[in-house]
Amino acid sequence: MDAVFAALADPTRRRLVERLDDGPATVSELARPLPISLPAVVQHVQVLEACGLVRSEKVGRVRTCRLEVTRLQTVQDWIDARRRGWERRLDRLGDYLDSTAPTAETDRIPPKGENP
Amino acid sequence: MSSVVHDTFAIERTYPAAPERVFAAWAAIEAKSQWFGDDAEVESIEAHTLDFRVGGGEHLTAKAGGQLYTFDSRYYDIVENERMVWAYEMHVDGRRMSVSVGSVELTPVPGGTRLVMTEQGAYLDGLDTSEQRQAGTEEFLGSLARYLERTA
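Read top to bottom, the protein sequences are chains D and A.
Numbering-wise, the first sequence is residues 1 to 116 according to the working numbering.
Numbering-wise, the second sequence is residues 1001 to 1152 according to the working numbering.
Where hints are given, some of them may not hold.
Computed beta-carbon distance windows for the label pairs [as the list claims (entries may be wrong)]:
1) Q43(D) to R1013(A): 21 to 31 Å
2) E1020(A) to W86(D): 37 to 47 Å
3) Q43(D) to D1051(A): 55 to 65 Å
Short derived list, chain D residues pointing at chain A, Cβ under 7 Å [claimed, not checked]:
4) V27
5) L38
6) V47
7) C51
8) R83
9) E87
10) R92
11) G94
12) Y96
Chain D residues, not near chain A, derived (Cβ > 10 Å throughout) [as the list claims (entries may be wrong)]:
13) P35
14) A50
15) T64
16) E68
17) L93
18) D98
19) T100
Please keep in mind that the hints were generated in silico from the structure rather than gathered at the bench.
Since we're looking at a predicted model, the values are computed, not measured.
Here a beta-carbon is modelled for each residue, glycine too, at the ideal position from N, C-alpha and C.
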């Protein structure tokens, strides 16, 4: 996880990830819109591969890179973890309300579809 | 290296209880302490006070995973049985981990009450409890969150 965050901390590598989100690309395709050398792009791709965000395979002389979407999902999961604390709290509120529910006569709420 | 990530999320629940009962569960410490800090991960509640009025606030200190968490809030808006808005900060072992605005809106629906809880937060570099994650978090989290949202 640390490696993923560290890899994505670099703006060039984020641009590579965004490009690969549109579909697989060769290293030279990745390098074309960037103002850096091909060897520099290769190094960035290696960092992305090392943390599992990108997979590449070489066919002949051409290396094609693709995004590992499941790895990106682990980052999303990390961000989602924050909301879970409130989800659990609000579920416990529901349990609390159930456990303290007054008798049907005093706290009667019309069920769905019923006209009061 | 310092970092901040901004995020907004909303959680919706429908409870089979009248708005008055749902509201009351937030408004009195006897009720709120039954559910608010009582997380399975929490080892002990060290302190919990609640002054439920505009300008008042809530304080909760709890131990979890060997660390001390504190929650400090201040209420900015309360409409009985309808809504409340507060701002709060969270610390872990004395490090500020987030500053947020929380809102709860209650709407009567057939069969009960719909609750919408919205949090708008600035999550700071202390938020991850793993000590290793210090490097590489400067400015990417904000753009990463937007990116993930865009590609969800």
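Margin query: Run through the hints listed earlier and report the numbers of any the structure violates, in increasing order.
Written below: 1, 2, 4, 5, 6, 7, 17, 18 and 19
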